[in-house]
Amino acid sequence: MVNSILSDKRLRYFFLAWWLLWTLLQYIMLRQLNIDQTHAITDSLISNILLAVSCFFISNNMKYYLPRREKYWYILVISLTVSFLWMLAQQAVMWIIFKESDNYGDVIHASWSIRFGAGFLLISSISMFSLLWYSQQEQKETDGRKIETERLSKEAELFKLRQQLQPHFLFNSLNSISALTGSNPEKARHMIQQLSDFLRGTLRKNEQQWNTLEEELNYLQLYLDIEKVRFGHRLQTEIIYKDEILSFKLPALLLQPIVENAIKFGLYDTTGEVIIKIIAITEDGYLKIIVQNPFDAETSQPFKGTGFGLSSIQRRLFLLFARNDLLKTEKDKEHFITTILIPKMANDDESQKRIEP
Amino acid sequence: MKVIIIDDEPLAREIVKEYLQSTADVDLVTECSDGFDGMKAIQQYQPDLIFLDIQMPKINGFEMLELIENPPAVIFTTAFDEFAIKAFESNAVDYLLKPFSRERFDKAIQKYFHHANSASTRQLLEAAASSPLQQSRIVVKDGNKIKIIPVNKIHYLEAADDYVKIITADGIFLKKRTMSFFEQSLSAFHFARVHRSYIVNTQLITRIDVYEKDSHLVLLSTGEKLPVSKTGYSKLKEVLGI
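Read top to bottom, the protein sequences are chains A and B.
The working numbering puts the first residue of the first sequence at 1, with every later residue one more than the last.
The working numbering puts the first residue of the second sequence at 1, with every later residue one more than the last.
Keep in mind the hints are simulated off the structure, nothing from the lab.
Cβ atoms here follow ideal geometry from the backbone N, Cα and C, with glycine treated the same way.
Incorrect hints may have been included.
[Unchecked claim] Listed below are the simulated SDA-like cross-link pairs for lysine to any residue, each with C-alpha atoms no more than 25 Å apart in a straight line:
#: 1; chain 1: A; residue 1: LYS264; chain 2: B; residue 2: ILE54
#: 2; chain 1: B; residue 1: LYS58; chain 2: A; residue 2: LYS288
#: 3; chain 1: A; residue 1: LYS288; chain 2: A; residue 2: SER311
#: 4; chain 1: A; residue 1: LYS228; chain 2: B; residue 2: LYS145
#: 5; chain 1: A; residue 1: LYS344; chain 2: A; residue 2: GLY201
#: 6; chain 1: B; residue 1: LYS58; chain 2: A; residue 2: ALA297
#: 7; chain 1: A; residue 1: LYS333; chain 2: B; residue 2: GLN55
#: 8; chain 1: B; residue 1: LYS17; chain 2: A; residue 2: PHE171
#: 9; chain 1: A; residue 1: LYS331; chain 2: B; residue 2: ASN152
#: 10; chain 1: A; residue 1: LYS71; chain 2: A; residue 2: VAL53
#: 11; chain 1: B; residue 1: LYS58; chain 2: A; residue 2: GLU334
#: 12; chain 1: B; residue 1: LYS235; chain 2: B; residue 2: LYS141
#: 13; chain 1: A; residue 1: LYS187; chain 2: B; residue 2: LYS237
#: 14; chain 1: A; residue 1: LYS333; chain 2: B; residue 2: ILE148
#: 15; chain 1: A; residue 1: LYS277; chain 2: B; residue 2: PRO10
#: 16; chain 1: B; residue 1: LYS145; chain 2: A; residue 2: PRO294
#: 17; chain 1: B; residue 1: LYS153; chain 2: B; residue 2: TYR233
#: 18; chain 1: B; residue 1: LYS237; chain 2: B; residue 2: ILE148
#: 19; chain 1: B; residue 1: LYS175; chain 2: B; residue 2: ILE208
#: 20; chain 1: A; residue 1: LYS331; chain 2: B; residue 2: ARG137
#: 21; chain 1: B; residue 1: LYS17; chain 2: A; residue 2: GLU186
#: 22; chain 1: A; residue 1: LYS264; chain 2: B; residue 2: PHE100
#: 23; chain 1: A; residue 1: LYS333; chain 2: B; residue 2: ILE172
#: 24; chain 1: A; residue 1: LYS331; chain 2: B; residue 2: HIS155
#: 25; chain 1: B; residue 1: LYS145; chain 2: A; residue 2: GLY272
#: 26; chain 1: B; residue 1: LYS58; chain 2: A; residue 2: ASP225
#: 27; chain 1: B; residue 1: LYS141; chain 2: A; residue 2: THR270
#: 28; chain 1: A; residue 1: LYS264; chain 2: B; residue 2: PRO99
#: 29; chain 1: A; residue 1: LYS264; chain 2: B; residue 2: LYS153
#: 30; chain 1: B; residue 1: LYS153; chain 2: B; residue 2: PHE100
[Stated by the list, open to error] Where chain A lies over chain B, by a calculated footprint (3+ residues, C-beta under 8 Å):
#: 31; region: 176-186
#: 32; region: 209-222
#: 33; region: 226-232
[What the hints assert, rightly or not] From chain A, some residues computed to sit far from chain B (all C-beta separations above 12 Å):
#: 34; residue: LEU11
#: 35; residue: PHE15
#: 36; residue: TRP22
#: 37; residue: GLN91
#: 38; residue: VAL93
#: 39; residue: THR142
#: 40; residue: LEU170
So here's chain A without its partners, still in its complex pose:
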């Protein structure tokens, strides 16, 4: 349900002050016209209380019914009607109080046009104000819903992107474990341990969460250890970083798919030993991660074939930072190089402080 106008404390006081001012003004005006005190006070109070009731009625009406089309005509008509009713009620009440004991009824009668004008002005202002207020409230609610929907779909998409990278790795690792149980049970047990830790990390980590580079590198190491068991001596890795950047924060699970892509690329595009080089540095407030794998420029498939891993990373970076320029790839004759830039986390000075103690 939308918030009523009177739910705002400041607006409540504002309306009260306005009402008092209006009542006082009417009183002063009546006194200036040489009306006696009793009549002036009664008249101003009665008129303005009735006016307040009318305004409350019209505003409350808007809360439940907002005109969609012809809204300005609607306001004009309803304001005119309510003003007219207000005039009638005012005269009736005054007549009940003062009967025909004096000639005050004539005074009211003679001033109908100015009363109607003033009443109409107030009532139409209030209706206009209510219309804007409730339209805005409604807009806010729609926006809120829209943001929520967007957030949910974004989460679902990130989840899907993450899932797509897993099964092949998982089944091949299980096959390696299956082989090890016969020949080297101790090593098999160790690999089950590593695989479990790796999978637990994937399940527990939230895509929106930011972790330190240290945590992410530890997680990456688990993955690399498993891959090394699978591919034996063919796969070598080299990770280069300075200790002081270990506390830099980056989105969880971003690094591993990039390395996974480099490994796949390297292992399936060449037949010899494969060295995967991972370099982490800071540059202009960004964390820059460079992943390099060997490849054969002659026979490498068009980007379409091997690009899946990277296009999903590109998409993730876009969802996280709304930027398309954070992932770059380049190649020379023998190496394929993937570079990602990670902006410093918003509202987080901690990481920066820890870098420069």
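With chain A's structure known, arrange chain B on it following the hints.
Frame of chain A; chain B shown alone:
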């Protein structure tokens, strides 16, 4: 029975080896870690049966089979359970999804003995050829060498009897396939069959000229000119989106 294992993961070879030890009448002649070694070994030892992984360095299991004259019976061992498998399901002796149990493995071996005379790998390849998968590269034999041609390096293809000529910057290669096979398998890569005898890489087209009534000529950035038939012209327009 002579057997070869071809798989790039050492532990994956090890488990097949272990299971084979308790299988009667098996002579494991060698094991290979990629398709090139696999090809050489097959030519050298002429095995009866191979265990073949699909995803391997340089050329995958399917591509390796395509390059062999008289391929032996094949049992695929793979973690892939994607559509690629479906095409081979009815024609390969069997396929084992990793990780597989000893029972499942023994069953595959049994299947081989029963099928030894019926389903040949030749049929398997023919089945694959008639339902082409979208391939982003073509593997051909160039003398004793194997050449991997990424599809974006192809200028055009030309029909040549039982073969198809593949024209690239590096030269001309032959592949025993039909034009309609390539028309289908290259459909996702901006190729159009502009003529009964020509499939062209549309990304290289620089000009289309009117030639005669109902026929056109395309000019490629590489300088080559190809005829375009009437139906070819409408296919070309479709691919180019005009």
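Hints and how they fare:
| no. | hint | result |
| --- | --- | --- |
| 1 | A:LYS264 x B:ILE54 | holds, 14 Å |
| 2 | B:LYS58 x A:LYS288 | violated, 31 Å |
| 3 | A:LYS288 x A:SER311 | holds, 18 Å |
| 4 | A:LYS228 x B:LYS145 | violated, 31 Å |
| 5 | A:LYS344 x A:GLY201 | holds, 23 Å |
| 6 | B:LYS58 x A:ALA297 | holds, 12 Å |
| 7 | A:LYS333 x B:GLN55 | holds, 24 Å |
| 8 | B:LYS17 x A:PHE171 | holds, 19 Å |
| 9 | A:LYS331 x B:ASN152 | holds, 17 Å |
| 10 | A:LYS71 x A:VAL53 | holds, 22 Å |
| 11 | B:LYS58 x A:GLU334 | holds, 14 Å |
| 12 | B:LYS235 x B:LYS141 | violated, 31 Å |
| 13 | A:LYS187 x B:LYS237 | violated, 60 Å |
| 14 | A:LYS333 x B:ILE148 | holds, 17 Å |
| 15 | A:LYS277 x B:PRO10 | holds, 23 Å |
| 16 | B:LYS145 x A:PRO294 | holds, 22 Å |
| 17 | B:LYS153 x B:TYR233 | holds, 23 Å |
| 18 | B:LYS237 x B:ILE148 | violated, 30 Å |
| 19 | B:LYS175 x B:ILE208 | violated, 28 Å |
| 20 | A:LYS331 x B:ARG137 | holds, 19 Å |
| 21 | B:LYS17 x A:GLU186 | holds, 20 Å |
| 22 | A:LYS264 x B:PHE100 | holds, 23 Å |
| 23 | A:LYS333 x B:ILE172 | holds, 24 Å |
| 24 | A:LYS331 x B:HIS155 | holds, 23 Å |
| 25 | B:LYS145 x A:GLY272 | holds, 18 Å |
| 26 | B:LYS58 x A:ASP225 | holds, 24 Å |
| 27 | B:LYS141 x A:THR270 | holds, 18 Å |
| 28 | A:LYS264 x B:PRO99 | holds, 20 Å |
| 29 | A:LYS264 x B:LYS153 | holds, 22 Å |
| 30 | B:LYS153 x B:PHE100 | violated, 39 Å |
| 31 | 176-186 | violated (count 0) |
| 32 | 209-222 | violated (count 0) |
| 33 | 226-232 | violated (count 0) |
| 34 | LEU11 | holds, 58 Å |
| 35 | PHE15 | holds, 63 Å |
| 36 | TRP22 | holds, 69 Å |
| 37 | GLN91 | holds, 77 Å |
| 38 | VAL93 | holds, 77 Å |
| 39 | THR142 | holds, 38 Å |
| 40 | LEU170 | violated, 8 Å |
Checked against the numbered hints above, the structure breaks hints 2, 4, 12, 13, 18, 19, 30, 31, 32, 33, 40 and satisfies the rest.
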